[in-house]
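A.B. asks: Those protein sequence lines, which keep their order, are chains A and B. Under numbering that gives the first Met the number 0, the first residue of the first sequence is numbered 0, with each subsequent residue one higher. Under numbering that gives the first Met the number 0, the first residue of the second sequence is numbered 0, with each subsequent residue one higher.
Just to be clear, a hint being listed does not mean it is correct.
Stated by the list, open to error - Covered, in the sense of this in silico footprint (three residues per stretch, anywhere, with C-beta under 8 Å from a C-beta of chain B), are these stretches of chain A: (1) 340-349; (2) 372-378; (3) 414-425; (4) 458-469.
Stated by the list, open to error - A few chain B positions that, by computed beta-carbon distances, are all more than 12 Å from chain A: (5) 49; (6) 50; (7) 54; (8) 139; (9) 179; (10) 214; (11) 433; (12) 435.
To be clear, the hints were calculated from the coordinates, so they are not data collected in a lab. For clarity, every value in this text was computed on a predicted model and none was experimentally measured. Quick reminder that beta carbons are idealized off the backbone N, C-alpha and C, glycines included.
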Amino acid sequence: MDLSNYLLLKPELSLLAVFSLLMLYDLFASDKAKKYYFPIACTLFLVHTVVCFFFQDAGSSFAGMYVTGTAQITIKCILNIGVFIIFLQANEWLSKPESVLKRGEFFLLTLLTLMGMYLMISSGNFLLFYIGLETASLPIAALVAFDKFFHHSAEAGAKFIFNAIFSSAITIFGLSFVYGACGTLYYTDLTTSISASPLIIMGMIFLLSGLCFKISLVPFHLWAADTYQGAPTNVTLYLSTISKGAAVFALMVILYTVFPILAEIWKQMFWLLILLTITIGNLFAIRQKNMKRFLAFSSISQAGYIMLSAFTGTAQGMGATMYYIFVYIFSNAAAFGVISAIENKTGKVNMTDYNGLYKTNPKLSLAMMIAMFSLGGIPPTAGFFSKLFVFMAAMEQGQVVIVFLALLNTVISLYYYLLVVKAMFITPNNTPIETVQTDKYLKTSLVISLAGIVVIGLISCFYEYISTTGFGIIKIG
Amino acid sequence: MNILSLFVLVPTLMLLAFIPCREIKQVRTVALTGALINIVMALALLFLFYAERNAGNTAEMLFTYDAVWYQSLNIHYAIGVDGISVLMILLTAVIVLTGTFASWNLQPLTKDFFMWLTMLSIGVYGFFISLDMFTMVFFYEIALIPMYLLIGLWGTGRKEYSAMKLTLMLMGGSAFLMVGIFGIYYATSPTGDFTFNILEIAHNHPIDGAVQHWTFPLVFLGFGVLGALFPFHTWSPDGHASAPTAVSMLHAGVLMKLGGYGCFRIAMRLLPEAATELSWIFIILTGISVLYGAFGAIAQNDLKYINAYSSVSHCGLVLFAILMANHTAMTGAVMQMLSHGLMTALFFALIGMIYGRTHTRDIRELGGLMKIMPFLAVAYVIAGLASLGLPGLSGFVAEMTIFVGAFQHSELFYRIFTIIAISSIVVTAVYILKVVGKILYGPVINEHHKELTDAVWYEKLAVITLIACVAGMGLFPGWISNLIGSSLAYIH
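So that you can see chain B by itself, here it is in the shape it has in the complex (with noise of 0.2 Å):
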């Protein structure tokens, strides 16, 4: 059996696990199982990899494994890895497992919740190794869906407005992705041997320049909502706001890169033509985004909603360096979603612990948590650092690398916009510092506060291990790069 047909198997088989369970605490077993095999295999599957690379094997994809599921429409289960798709999962390995640490003690419906986060992980493993661009949609709305229920059901504040919103707005984005698809698929051949197969269209069938002028704004836009493009971000800051810990980890750890995988994959690969023709417009927009979520998470109070705006401006920079399409922009941007993926599970996490504590995400209400709970106000300052681009950690190497990148072309327009982009750097550490002030160094606020206890053993071993994510990658950049590097072969 195919290795990679396993990270899909093993979520199936881990629902089905579920079922029977009556109690809490084989939930629990069946959820850290799970997710513990999940990330042993992600750690072979990179050594498998490199193994692969060393014994010469230099085919694009590895691991690649293809059956027929429609027949007549070509349709098939089409799988395969390079170094990018190797590097998300191993990245929604750690997430899946942390978010699992952070929603330990989840009340009520324990069971129903990870059943529904399975399947999200399911949606999102499957879109990862998926090449066929139908299974690659059908994975894709697999990881939506249950976004409704879990911040619907287990959500705070305004929760059925803030589903109800995400659910749509991504589903509209996979209907613009969809006409997309399907006017890829039509003009693959004109003998009527059309195809779904990413690699095949890449190798062999090039798009007719007429189609990739209408289906590249089609299938950008499609996945750009799901990457928090500006005018279609503004499902994520109600989203993640609304959202328990652990969805919002998953969500803007994992989900938002789906985004800019698929942008990456389908958009910028198949059609390359209307990329650099029309690159232009979504330039502009992703740099709108990248300074508007910067500033919006400035006006900001809630903890996580300022957390979603600096997701909506850190994702507007991944979708950034793709549209530079050079190759260290492109490497900058995959670097950029793990990075981003991992330091804003982080915050999420310490901003779900604060606020199980705390009850209130309300900067104005919280104050010198440094001295009441050290751990987690410890973590906090390490997070924000990461965010704001601290040389050591995680966020420095990866937008580094996308303005060196994006500074290779010379024209005045591209000038203008790295500028741009560069310059969010400054807001970001305006309000991380602002927060980082308020409510770590400040006087206490609350008395009550006081009496409140630091982190407990699972809340530390999920902090902890992003932590050593984030630092890791930080101090030693040059592998993932060189393994994102190897898979940019195509690119100049």
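If we strip away everything but chain A, and leave its shape as in the complex, we get (with noise of 0.2 Å):
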């Protein structure tokens, strides 16, 4: 075996040494040195993210397996970003006494299901991206029931590993017609082996919809908003990210160079999966109390958005896919930032008692406002932009219908979003949350997103880097 072929993997090799140094670090470590557990893994990661974005190479190895190029960096330089945050945010919550023995754990799970994420975003065989998937998946259900002493946390667990689990069978399935039918698994090989055949399209179907589970697409989003609600604060905001980040790509790449030659048929596919989901997931959102399910709802619908461009099979749409991808991140980050601020001082989650928080708490109250504004697409925040992109690129296919309809529920979102900030401003209320006093970590990661919404769509270096890196639909012959 060829040495050389490790490489191209200069990003999974890094993660790799930062996930061991810190399992070796949790296991000898004195307890007194253990103080410094948070910081030492908060700046390995950082360094790691910095390398990531240095080293990039293109080109594939190990016969085809693995595949990288500009495209799948950004998006795990993306990803580490904001994985990056959550792990400022975690640090309050882990610090509670029935969890700081168990934070080694939190870091060593989440960088496990990362390094599953980066093997599918990076798969050029479904093998691999089956791995990646099953990686990716199966330790966020022992994050999803980390507060396992809470009934809510288990329950979430116990749901997201059934699922998970279904949506795996359900994948694999797909894949085995596929297989079955032009005999490989490699995408270079399957792009030109693929037919119109009955069996390849209903093999094609099963493994989408195995995807669509992952992104939480309407009609396979009834898990997520027992999950995201039970789940650990920082962990809803890294399945609603980071984890529908991945999923969205991989699913791009397979669309585009595997199914180009059916993109017909899964473009009407999606285009009623997209309309479902918008629209479901506002209107669900609109009637929900508690924060964490409300951005559950807000996040399905969000998802909608996402794949909005995701399914226009252009460079421009793929671009913009990940532009959204990279907004959303830091959006999602600030609002769940003063959510879990709130909720680890005073364990309220609910809308009511956000009521007049503006009151004491005027900068977690403005860092909410701007984190909601964002998510519905309000300028000068990056949301905005792109929303607008998303939207342009759907419209340059053509897609006018559904963008349409989609700009009519931002309409509906924003009706939701508002009811946050209704609430945090307008609405009297003569008990209001205590000042919260939150740690130093987390007011970075809060000014970090902040600058992020902020800074992200006026200055246009950002979607021009992001968006030069995307591809098309591969065409062939």
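Got two chains here, separate frames each, mind docking them using the hints?
C.D. replies: Here it is as structure tokens:
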């Protein structure tokens, strides 16, 4: 075996190094040294993020099993930034007496799932893809059930693992059809041997359905609300941004490189799914009283917007999708940052608890408001730009009707995002939540998220860079 | 640095200057200084504009500046002004200044209030200077969202309901608008060099007829919602009635003009074929707006509702005139925007001042104010006369120009709707005179009102400024109509 194959795997190797170091540290460090576990973990991960960005390669190794290019590196960097923000937010929660002992596990499990996502993103063969998918989902179940003494958390973990297994089964069922018809699992070989036979179409639909579970598109979304509500807030953030972003990217790669011939079919399929996702996600979000559940439905509807540009099949669409994921990570991180700051100190997560928050916690309220505006697509936040670029990418393919319906849906979404703003700023409350003190890591993460929300849109270089890395449907012949 | 960018930069710096303010006096100082700087800049812009024109510069837009923003999508920060935008900027500056005076004593959270108000003015100024449809939408939405908090936090009555209704309806309008604009964008070039630049599209990239036919209704409707086009006007009475004084002034005075201006700049300018063919639909709708608004005003008892419905009627007239698509009517449309902006701001300022004293806006509970607060009452009479079109005040010149322009169309359809629109003047007279007679000259109803005081200096300053503008426009309309007319050279 040629060891030079490993040279392309720099992000994975670097992640593995961080993982191993942290595991060894967790095992062998004295209790005194463990005080520094958290800053060390964050620093190591930051180094990894930088390494990932500056050592870019393109090509494929292990006979086409592993493929990398600028698009793959870019999405990995985007996910890295997201994970870094999540790590910063986690300290306050992990320092609680009931979870301080398990602190190491949180980092190890998170890094392990991230590894799985890397493999999903970079796979050139369905076998590797499947391994990545499993690695990315099973440890998350442990993360979801992390607060195991809380009934909700355990329940959410059980729900998540059943759905993860179920969706994996569906995926692999579809894969077996495709393999049976074409005799290969390599993306590049499949591109040419796929035809519009009923068996392959059936296989494709099963395969895509399995992935739709991960992205929580309607009607595969039913697990999301309970899991998001029950999971620890930081894990919910991880699930709703990082896990979703990776799955969307993997889906795009599969659609564009494996099934370009069937583009007309999956475009019709996703047209309907997107419409359902956006609408139903929105309509359910209106009625929610629990902030985490509310953001769960909001993130279902956001997934629809992400897919809106992903299903166009153009390089512009792919760029817009990655940009949307990037912005979405920052917006959601800011929202969840505020929620976890308040939850950690007071345990309150209902929207009515936020009434009159502006009086006692003006900074947190402003952060939440900016996050809500960004999620709702209000300028000058980055959410406005990301939404518009998604719509433009879809319009470029002549998808006028769905863009129009999606735009009308943004009005509905604005309604419930404004409900949060209203609760914090307008609704009077004699007993608002007392002034909350957050630790410096959470503060840093909020500052990073807010700076991202403001800067990423107004300064064009982020979009320019990300959009150049996208690729469209692979042309055959 | 381009002078136009300053109109966005100065309010942005004001926002930063507000942050360290601790006391109400500092907040006022910053707000007033900013508003004064803006009005000086607006006057300087007018002066420079004339100087440039006299020097023989006949370009359609002056002071243009173009910076690439998003290279790959060909989005530019492109700015420039013609006579119409200069007047709109001047209007905005006047109303922001008077609005600052009108909310001099606003409590609580004074700082937040002025910050949101400044944010709103960034959006408005940015919208009027933009030549790029993308930046136009960008600024348009920046101007919309502060309304939610301004009404929701400092409003009166059913403020939460009104704020949400207003925001959602206007955002719904912008959903229509965006689809229309993207449709235009992707029709600008067959080869893939799409552009958002209005001038470039108008001069070099005519839009295909088929695209025009579906984008025109979307764009017109999208901006029409903000211009209170029937049946999408329902946000306006509730929103205006619940908003605090300065916000009503800015919203009715300036923000509703964004709708008319947008229809004029994008829908009529870039989609002329569809505009001639499909205008009949919107002429019917605006005809209804004009008349329905006027009748609606008669039925109301709340001073703010009366004025809000009258705004629906007057703004309907703006859109109506724009749809007539000839030189005279379009000139009238812009004059009506100015006239209505000043007049409504005056109205809302006065209503706010009266309400601040009597704590009621119900005309059944008011009476004999002429004896109690003569200054405010006389000003109210002047505003009313301007609204019903008394010669010598701004309303007359604007409406006269519109009707002369509308009468140039000789088809029966246009004639009928012109006559309908003209008849609204009579109805306007009914509700104006009814209010004036009832609350100003009637007997004093509430004995407590006798102890109330007349306007104080900052209120007087706001009112006098606005009256001077209204009267000035009515007495010397020539330069305004020349300024507008020279910017409409492409229309015959």
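A.B. asks: Please go over all the hints and tell whether each is borne out by the structure.
C.D. replies: Taking the hints in turn, this is what the structure says about them:
1. Residues of the segment 340-349 of chain A lying with their CB closer than 8 Å to a CB of chain B number 0, which falls below the three-residue condition for coverage.
2. Only when three residues or more bring their CB closer than 8 Å to a CB of chain B does the claim for the segment 372-378 of chain A stand; here the count is 3, and the claim holds.
3. Figure legend: the segment 414-425 of chain A, annotated as covered by chain B; annotation consistent (6 residues with Cβ-Cβ distances under 8 Å, at least 3 required).
4. Judged by the Cβ-Cβ criterion of 8 Å, the segment 458-469 of chain A is covered by chain B as claimed, because 5 of its residues qualify and three suffice.
5. The beta carbon of residue 49 of chain B sits about 33 Å from the closest Cβ of chain A, which is more than 12 Å, so the claim that it is off the interface holds.
6. Listed as a non-interface residue, residue 50 of chain B keeps its Cβ farther than 12 Å from every Cβ of chain A; the least gap is roughly 33 Å.
7. For residue 54 of chain B, the requirement that its beta carbon stay farther than 12 Å from each beta carbon of chain A is met, with the minimum near 35 Å.
8. Annotated as non-interface, residue 139 of chain B brings its C-beta within 12 Å of a C-beta of chain A; the closest such distance is 9 Å.
9. At the 12 Å boundary, the C-beta of residue 179 of chain B falls inside the reach of chain A, the nearest C-beta of that chain being 10 Å off.
10. With a least beta-carbon separation of about 10 Å from chain A, residue 214 of chain B fails to lie farther than 12 Å from that chain, contradicting its non-interface assignment.
11. Every beta carbon of chain A lies more than 12 Å from that of residue 433 of chain B, the smallest distance being close to 35 Å; the non-interface claim holds.
12. Against chain A, the non-interface label of residue 435 of chain B holds: every CB pair exceeds 12 Å, the least being about 35 Å.
When held up to the earlier numbered hints, the structure conflicts with 1, 8, 9 and 10 and fits the remainder.
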